[in-house]
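Turn these sequences into a full structure, and let the hints guide you.
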Amino acid sequence: MLNHEQDIVALVGAPNSGKTTLYNWLTNSKYKTVNYPGSTVDYAIGSAAARAKGDSSKDFWVVDTPGTYSLFPKSPDEEVTRRVLFEALPQGSVGKVILVCDGTQLDRHLLMAKQFKEAGLSFVMAVTMRDQLEKNKMVLNVKSFSEYVGAPVVLFDGVLGAGLIELVKALESIQPTSQKNSGLAQEWSQQQIAGAQEWGREATKRFLKSAHARTEAQIKSAKWDHFFLHPTWGLLIFLVVMSALFSSIFWAAAPLMDAVDAGFSWLGDAVKNHFQTNGQTNLVGEFLADGIISSFAAVFVFVPQIFILFLGIGWLESSGYLARAATLIDRPFSKLGLSGRSFVPLLSGFACAVPAMMAARNLSSSRDKWITNFIIPLLTCSARLPVYALLLSFLFFDQPAWVSGVVLAGLYLASLIVGAIAAAILNKILPPTKSSFLLMELPVYRRPRVRVLLSHAIQKTKNYVRRAGPVIFAFAVILWVGTHFPQAPEGIPPQQQLENSYLGKVGHWVEPVFSPMGVDWRVGVGLISAFAAREVFVSSLAVVFHVTGEEGNEDSQTQGLLKSMHEAKNSKGQLIFTTASVFGLIIFFMIALQCMSTVAVAVRETQSWKFAIGQLIIFNLIAYILAVAIFQTLKPGIS
Amino acid sequence: MSKSAHAPHVGEHLKVTDIVGDKLLQNRLQEMGFFKGAEIHIVGKAPLGGPLLVEIGATTIALRDEELKCLITSKI
Chain A
1 MLNHEQDIVA
11 LVGAPNSGKT
21 TLYNWLTNSK
31 YKTVNYPGST
41 VDYAIGSAAA
51 RAKGDSSKDF
61 WVVDTPGTYS
71 LFPKSPDEEV
81 TRRVLFEALP
91 QGSVGKVILV
101 CDGTQLDRHL
111 LMAKQFKEAG
121 LSFVMAVTMR
131 DQLEKNKMVL
141 NVKSFSEYVG
151 APVVLFDGVL
161 GAGLIELVKA
171 LESIQPTSQK
181 NSGLAQEWSQ
191 QQIAGAQEWG
201 REATKRFLKS
211 AHARTEAQIK
221 SAKWDHFFLH
231 PTWGLLIFLV
241 VMSALFSSIF
251 WAAAPLMDAV
261 DAGFSWLGDA
271 VKNHFQTNGQ
281 TNLVGEFLAD
291 GIISSFAAVF
301 VFVPQIFILF
311 LGIGWLESSG
321 YLARAATLID
331 RPFSKLGLSG
341 RSFVPLLSGF
351 ACAVPAMMAA
361 RNLSSSRDKW
371 ITNFIIPLLT
381 CSARLPVYAL
391 LLSFLFFDQP
401 AWVSGVVLAG
411 LYLASLIVGA
421 IAAAILNKIL
431 PPTKSSFLLM
441 ELPVYRRPRV
451 RVLLSHAIQK
461 TKNYVRRAGP
471 VIFAFAVILW
481 VGTHFPQAPE
491 GIPPQQQLEN
501 SYLGKVGHWV
511 EPVFSPMGVD
521 WRVGVGLISA
531 FAAREVFVSS
541 LAVVFHVTGE
551 EGNEDSQTQG
561 LLKSMHEAKN
571 SKGQLIFTTA
581 SVFGLIIFFM
591 IALQCMSTVA
601 VAVRETQSWK
611 FAIGQLIIFN
621 LIAYILAVAI
631 FQTLKPGIS
Chain B
640 MSKSAHAPHV
650 GEHLKVTDIV
660 GDKLLQNRLQ
670 EMGFFKGAEI
680 HIVGKAPLGG
690 PLLVEIGATT
700 IALRDEELKC
710 LITSKI
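Here the protein sequences come in this chain order: A and B.
With my numbering applied, the first sequence corresponds to residues 1 to 639, in that order.
With my numbering applied, the second sequence corresponds to residues 640 to 715, in that order.
In short, the hints are calculated from the structure, not lab data.
None of the values given here were measured: they were computed from a predicted structure.
The reader is advised that the hints may include incorrect statements.
As the list claims (entries may be wrong) - Pair by pair, the computed Cβ-Cβ distance ranges are:
#1 Q186(A) - D657(B): 47 to 57 Å
#2 V649(B) - E147(A): 41 to 51 Å
#3 P255(A) - L663(B): 46 to 56 Å
#4 P512(A) - L663(B): 48 to 58 Å
#5 H652(B) - Q186(A): 29 to 39 Å
#6 W251(A) - T656(B): 30 to 40 Å
Backbone N, C-alpha and C define an ideal beta-carbon position, used for all residues, glycine too.
See the structure below:
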């Protein structure tokens, strides 16, 4: 797809230097996320936008790399930057580099210029924040500076795009890197780094004239931090911001999720009406509707929440607040073997474990990352909500609605506590390492650009669907096949079909496992089905307890299901759903790792089958033991 | 001059006299802009016993206690 004769230009620079803004200007915010082979970190690549093509109108590709302070990596994403520069990409080799340096912090950003020179990399320097420099009357003698650095230097304004054409022209003026003599020897010594930084500070002193040491924005941000990192106010603001993000994930997403649900239902019904034999939907129709379309629905129903999560986190990150949040939470987290940076992955876990584990990639310490990834599935993800909603409605059917609400909030809190306990235990068990550090730069506060936010959120959501989608879909289809074959003759009611199907037989076979929990094979089928996606438990119960209700009327279906649950008896004539057994089920769902997508992503992110399988076994075992214990303890004398 | 770490307090202006400790950490501190002779300002401490907020030049960086200990400083 890529024309290998086209130049590939890499953008390299420190975090918060304006790299991604420049990338968006160069490519018009188009990008394709590409996975670097053998790594879990992605990089973004896009083709140059028309306005960026300069005189020759030559096409070129731009790669945005993860922010790095040095060509010697100290974290997985810095490692990707190094590899992008020095190893052949699947698309070709990087021929030219734009070193992005924040003009308002120039003295600290010139280290890599020296490293590039030593490595023989062909580069152009883009000095960003040009608008800030002008506003604060800071003047850079570009010509002399460029001579000192030994490479073309262009001032760039990320707000209005001024300097873009000059930048492209500068790129055209340099020769591509000769791959044969580029590369770096081992890690620089302290002296080498000190020397290079000294060189950088010297340059700034000589060529950047400014009236003040800091810009207005820097001074303002420092003032705001008195507030945002204040012992009392800081924590309060943190709680408010997190609650806002949290609630928007659920409430803002709800109408969208209903729309997605309704859309797929409509499609399913349309298909069922179309594929009919003798006035009734035939097998093809059922397969397409309940097998395929429902399985797609299972993937897409959570997309609104995932999207809003990415939007929210993206907003927090671009505004600069996220670094403060990570700083606030760092100490308590460190006590649990996590890091302040684990914060975003863990927060994401409340929507879904898949993006959460993907977000854990840039944790520099592999120990922090391990513990973070291990406890992510314990956080109450969105898929558990329908299950909790059903079970709580059952338990509190005669109580006012707010009781369920409070208990639900309690369940969320409980999952946090369980996660914290799990982290603490792992922290004690795992051997300690030294490589965890924070060293968090607090960027200037800035107003996020909505267009960029949206485009990034959409891209990340697409990634999510690509990662989680196929697994959920595959398992949902397998489940459908498992419940519909062997086919019962016409006229047999659905629950008997289910009983005689493969899954039903499996359910019967493992019933002895589930009866200590107080439930029978039918709930067992539901629990097994939940392995495709947890929310499938609810629809599975609806089928197995033969609830029809009115088509499309979800409330009547739920009411019907609740009624059936109140009456359902096992083969011994005992009620299946009692306070004790339902409580047991709730605890089971809280801890069990039932989502195969999570297992798939865990394998990929930790590059270890042992980790994923270990996680699966440990959590399910503990969940089972607790569910059984709870049922056995609570059952005597309670309804 | 004694090499024992001076426990920095909020509000202090300090001068970095040496960078010690884990080699990787030393390099990272330097790469982020700390150097012998640098003047730093401890502007605050995050709540819950959290990291110290250290101003160096135009930048503010949050450092854990053990990371700051790698910077040997003297009061200005």
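Discussion item. Range first: 30 to 40 Å. Now tell me if the beta carbons of W251(A) and T656(B) are that far apart.
Written reply: violated (54 Å)
Discussion item. Taking the Cβ atom of H652(B) and the Cβ atom of Q186(A), is their distance within the range 29 to 39 Å?
Written reply: Since the Cβ atoms of H652(B) and Q186(A) sit about 36 Å apart, the hinted range of 29 to 39 Å holds.
Item to complete: Hint says 46 to 56 Å; check whether the CB-CB distance for P255(A) and L663(B) agrees.
Response: holds (49 Å)
Worksheet item: Between P512(A) and L663(B), is the Cβ distance one that fits in 48 to 58 Å?
Response: For P512(A) and L663(B) the Cβ distance comes to about 54 Å; the hint holds.
Item to complete: With respect to the beta-carbon atoms only, verify the hint that Q186(A) and D657(B) lie 47 to 57 Å apart.
Response: Cβ of Q186(A) to Cβ of D657(B): about 23 Å, so the range 47 to 57 Å is violated.
Discussion item. Looking only at beta-carbon atoms, does the pair V649(B), E147(A) fall within the given range of 41 to 51 Å?
Written reply: For V649(B) and E147(A) the Cβ distance comes to about 43 Å; the hint holds.
The structure fails to meet hints 1 and 6 from the earlier list, while all remaining hints are met.
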